[in-house]
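Listed below are the residues making up each chain.
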Amino acid sequence: MSVDAGQAALHAEWTKFRTVAGPAWLLAGVIALTVPVGAAADSAAQCSSAACGIDPAKVSFTGVYLGQAVVAVAGVLAIGNEYSTGMVTLSLTAMPRRLTWLFAKAAVLTGPVLIAAVLAVAGSALAGRLILPGHGFTPAHRYASLTAAADYRAALGAALYLTLIALLSLGAAAAVRDSAAAIGLVLGVLYLFPLAAAVISNVPISRHLQQIGPLPAGLDAQATTGLQNMPLTPWQGLGVVALWAAGALLVGALLLKFQRCVTSGRG
Amino acid sequence: MTVERESFWCLVHAEWTKLRTVPGWVLAVLVTIVAIPAFAFLAADVSGGCTQSSGGHATACPAPLTGPGGEPVSDAFYFAHQAVTGNGTITAQVTSLTGQVPAVPAGEVADGPGGQPWFKAGIIVKENTSQGSAYAAMMVTGAHGVRMQWDYVNDTPGLAGNVSAAAPRWLRLVRDGDTISGYDSADGTHWTLVGTAALPRLTSIVQAGLFAAAPSGGDSTTDTGVFRHVGLSWPATGWTGINVGGTGPNGVPLPGSLRQNAGTITVTGSGDISPAVGNTGSVDSLQRALTGTFFGLIPLIVVAAMFITAEYRRGLIRVSLTAAPRRGRLLAAKAVAIGAAGFAAGLVAATLALALGTPALRQSGIPLWPASLPTEARMVVGTGALLAVAAVLALAIGTIVRRSAPAIAAVIVVIFVPYLLALGPLQGANGEAPLWPLQITPAAALSVQQAIPEFSQVIAVYRPNAGFYPLAPWAGLAVECAWAAGALALAYYLLRRRDA
Chain A
171 MSVDAGQAAL HAEWTKFRTV AGPAWLLAGV IALTVPVGAA ADSAAQCSSA ACGIDPAKVS
231 FTGVYLGQAV VAVAGVLAIG NEYSTGMVTL SLTAMPRRLT WLFAKAAVLT GPVLIAAVLA
291 VAGSALAGRL ILPGHGFTPA HRYASLTAAA DYRAALGAAL YLTLIALLSL GAAAAVRDSA
351 AAIGLVLGVL YLFPLAAAVI SNVPISRHLQ QIGPLPAGLD AQATTGLQNM PLTPWQGLGV
411 VALWAAGALL VGALLLKFQR CVTSGRG
Chain B
188 MTVERESFWC LVHAEWTKLR TVPGWVLAVL VTIVAIPAFA FLAADVSGGC TQSSGGHATA
248 CPAPLTGPGG EPVSDAFYFA HQAVTGNGTI TAQVTSLTGQ VPAVPAGEVA DGPGGQPWFK
308 AGIIVKENTS QGSAYAAMMV TGAHGVRMQW DYVNDTPGLA GNVSAAAPRW LRLVRDGDTI
368 SGYDSADGTH WTLVGTAALP RLTSIVQAGL FAAAPSGGDS TTDTGVFRHV GLSWPATGWT
428 GINVGGTGPN GVPLPGSLRQ NAGTITVTGS GDISPAVGNT GSVDSLQRAL TGTFFGLIPL
488 IVVAAMFITA EYRRGLIRVS LTAAPRRGRL LAAKAVAIGA AGFAAGLVAA TLALALGTPA
548 LRQSGIPLWP ASLPTEARMV VGTGALLAVA AVLALAIGTI VRRSAPAIAA VIVVIFVPYL
608 LALGPLQGAN GEAPLWPLQI TPAAALSVQQ AIPEFSQVIA VYRPNAGFYP LAPWAGLAVE
668 CAWAAGALAL AYYLLRRRDA
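So the protein sequences, as listed, match chains A and B. When we follow my numbering, the leftmost residue of the first sequence carries the number 171, and every step to the right adds one. When we follow my numbering, the leftmost residue of the second sequence carries the number 188, and every step to the right adds one.
Since the hints were derived computationally from the structure, they do not count as laboratory data. Mixed in with the good hints, there may be bad ones.
Each pair of labels, with its calculated beta carbon distance range [stated by the list, open to error]:
{"hint": "1", "chain 1": "A", "residue 1": "His378", "chain 2": "B", "residue 2": "Arg516", "range": "47 to 53 Å"}
{"hint": "2", "chain 1": "A", "residue 1": "Gly304", "chain 2": "B", "residue 2": "Pro512", "range": "56 to 62 Å"}
{"hint": "3", "chain 1": "A", "residue 1": "Met257", "chain 2": "B", "residue 2": "Leu214", "range": "24 to 30 Å"}
{"hint": "4", "chain 1": "A", "residue 1": "Ala220", "chain 2": "B", "residue 2": "Ser643", "range": "31 to 37 Å"}
{"hint": "5", "chain 1": "B", "residue 1": "Leu380", "chain 2": "A", "residue 2": "Ile382", "range": "55 to 61 Å"}
{"hint": "6", "chain 1": "B", "residue 1": "Ser643", "chain 2": "A", "residue 2": "Pro206", "range": "51 to 57 Å"}
{"hint": "7", "chain 1": "B", "residue 1": "Thr379", "chain 2": "A", "residue 2": "Ala220", "range": "48 to 54 Å"}
{"hint": "8", "chain 1": "B", "residue 1": "His200", "chain 2": "A", "residue 2": "Gln177", "range": "54 to 60 Å"}
{"hint": "9", "chain 1": "B", "residue 1": "Arg683", "chain 2": "A", "residue 2": "Arg188", "range": "31 to 37 Å"}
{"hint": "10", "chain 1": "B", "residue 1": "Ser317", "chain 2": "A", "residue 2": "Leu397", "range": "45 to 51 Å"}
{"hint": "11", "chain 1": "A", "residue 1": "Leu262", "chain 2": "B", "residue 2": "Arg683", "range": "35 to 41 Å"}
{"hint": "12", "chain 1": "A", "residue 1": "Leu413", "chain 2": "B", "residue 2": "Val213", "range": "49 to 55 Å"}
{"hint": "13", "chain 1": "A", "residue 1": "Ala175", "chain 2": "B", "residue 2": "Ala531", "range": "48 to 54 Å"}
{"hint": "14", "chain 1": "A", "residue 1": "Ala220", "chain 2": "B", "residue 2": "Leu214", "range": "51 to 57 Å"}
Quick partial rundown of chain B residues pointing at chain A, CB under 8 Å, derived from the structure [said to hold, decoys possible]:
{"hint": "15", "residue": "Leu229"}
{"hint": "16", "residue": "Gly425"}
{"hint": "17", "residue": "Gly428"}
{"hint": "18", "residue": "Ile429"}
{"hint": "19", "residue": "Arg475"}
{"hint": "20", "residue": "Thr478"}
{"hint": "21", "residue": "Val600"}
{"hint": "22", "residue": "Leu610"}
{"hint": "23", "residue": "Asn652"}
Note that this is a predicted model, so its numbers are computed, not measured. All C-beta atoms, glycine included, are put in the ideal place defined by N, C-alpha and C.
Could you build all of it, start to finish, from the sequences and the hints given here?
Next up, the structure:
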């Protein structure tokens, strides 16, 4: 791929992205859903003793449970819309290198999603910082300041998690070429692992499910307390999510490259 | 042709034809039907839960102790008993009930008041002295007044208020054939019937006497009941004290004693006489066999939303509305078609899941709580209804937003996230996740799959991951129906108001 072609692809995709209303609304929705849910969880939490064992970061970032669904919709639609409108034919006629097209889309999606994720996470962290000390999360209960290095690491983990989920969704949509099937697939992968882990009584299998599922692994990246009891360390957790995103993009790229008819998507 | 066009059922038939002629949609509904029974095996720990415990060392699964109804029970208490023949009456006055709770080691958190509200001592008539046999008992409790309990699962309140020397409680059990009636009295003169137990397993000779039981997490907690004016209508043969249950979970003999002194009998005991529910690993719920419902919901929701959004995308909606100009009827016909598909899929899938999952759960080593036929029927029909209503909700949301991905995401989120939040990440004042997400969202409908009743007389962990839901089965389904009805109403309003 020449530098020019890559730049042109990026520019074209960026123009598409910024000139339709959908993505902006969705990214605003990420913030609008994540922050209030986190604030509500902060208000409901109560730490009555030094042994209450509640992770303030996990409480603050409860909204990520919902916010990631909006991120997933944004990721799926970034490519699903092309298939459902038939635009994909035009795009690939103008840009015959399919992988350039896919990676330009991924690049154009990453920036705005990362910004929205950082805003959502920062808002959640700020809400936690304001609300939690009034609910027993005080130095007396061994919660130093909520601004320790671990808290910043947890916030970074939450923001990167949301961004990786967008890329996972983009890859899934490229692979199945159908928005509806892709969103079902992505949300199934996200939500079914922790559900299965919770109801399975076999402890080793349950722990493995928590290690390989992107949502439980991503939650490990957002933790600040009880790290030694987690199935994964925070960075390992983020690594698992990154592997999921990379895997989805790889499968999407391979299918896109080797399938013959781009318009056969059921859309 | 005009007549046909006007008939609602022709419209339903047309929508049904649309549904069943799209291969991908049929495939997705089939995935729903297959996924639910497939995951019945996942939830069942076929490797044997108890052989995996205690740090990798294989421990044999203890044979589950079952009561007269086949349900897993706890039956350990101190029993001052004598054999009695035929009909008769036992009466006693209880003047005190005190607990002896071991001190909590420094640094550890006491597990609440340690089950003290359900400390119990009183009179009992029992089939024999072996664990799990039939019984009926009148007792005073730590904080729940006088109770009559029989055959482990039954509990009826009598006089309220705690027992003391100033406020003694008189208890009486009357045996008449297979029937035992319990009475209580504050003064020993005026008696009130508390309950009547039918115990068909009783033989002519039964054991009657006094008992004490102190439910708690540890073995060393005991409680002591002080009895006076103990009277038998049968010929008295003297009291024998034994520990029913013998040893605790660690093989240590359970504490307990019988002391007789000038008209006063003092009985000290530990353990509990109760259904074995709620504590991790003690009993399994048949609801586990339906865990796959979550897996089955996703393809069904995808199809249900696409059932309308695909029409918008392809412009087919204009053709559909030309053929059926009354838009509400079109929406209703679609709801009937997709709801019927969801109901049928849920019915088949849940029947298969229970048929396959029950033996798998039996193998897992954890005693399975027996579900009655009406309970199983409710679980199967309820799962069908849960899926049907979820499909209608997805159709309605799809009509409102007219786009597949946001509609599907919204419906999955309102059903899945509340359940996930009730499992853990939300923290309430007591350190446990609040259960309101499972009371006000469509996820409340999962309560229709509850297989074990909650027993108010047993302090235990009644949490969703153990198969206990905050709402009654049909009430939970009603919450989901309310959501679907509200979404349908909004969808109808928007469908009429907007251009197609």
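Structure-based check of each hint:
| no. | hint | in the structure |
| --- | --- | --- |
| 1 | A/His378 <-> B/Arg516: 47 to 53 Å | holds, 51 Å |
| 2 | A/Gly304 <-> B/Pro512: 56 to 62 Å | holds, 58 Å |
| 3 | A/Met257 <-> B/Leu214: 24 to 30 Å | holds, 27 Å |
| 4 | A/Ala220 <-> B/Ser643: 31 to 37 Å | holds, 33 Å |
| 5 | B/Leu380 <-> A/Ile382: 55 to 61 Å | holds, 60 Å |
| 6 | B/Ser643 <-> A/Pro206: 51 to 57 Å | violated, 36 Å |
| 7 | B/Thr379 <-> A/Ala220: 48 to 54 Å | holds, 49 Å |
| 8 | B/His200 <-> A/Gln177: 54 to 60 Å | holds, 56 Å |
| 9 | B/Arg683 <-> A/Arg188: 31 to 37 Å | holds, 35 Å |
| 10 | B/Ser317 <-> A/Leu397: 45 to 51 Å | holds, 50 Å |
| 11 | A/Leu262 <-> B/Arg683: 35 to 41 Å | holds, 40 Å |
| 12 | A/Leu413 <-> B/Val213: 49 to 55 Å | violated, 34 Å |
| 13 | A/Ala175 <-> B/Ala531: 48 to 54 Å | holds, 53 Å |
| 14 | A/Ala220 <-> B/Leu214: 51 to 57 Å | holds, 55 Å |
| 15 | Leu229 | holds, 6 Å |
| 16 | Gly425 | violated, 48 Å |
| 17 | Gly428 | violated, 39 Å |
| 18 | Ile429 | violated, 35 Å |
| 19 | Arg475 | holds, 6 Å |
| 20 | Thr478 | holds, 5 Å |
| 21 | Val600 | holds, 5 Å |
| 22 | Leu610 | holds, 5 Å |
| 23 | Asn652 | holds, 5 Å |
The structure does not agree with the numbered hints 6, 12, 16, 17, 18 stated previously, though it agrees with the rest.
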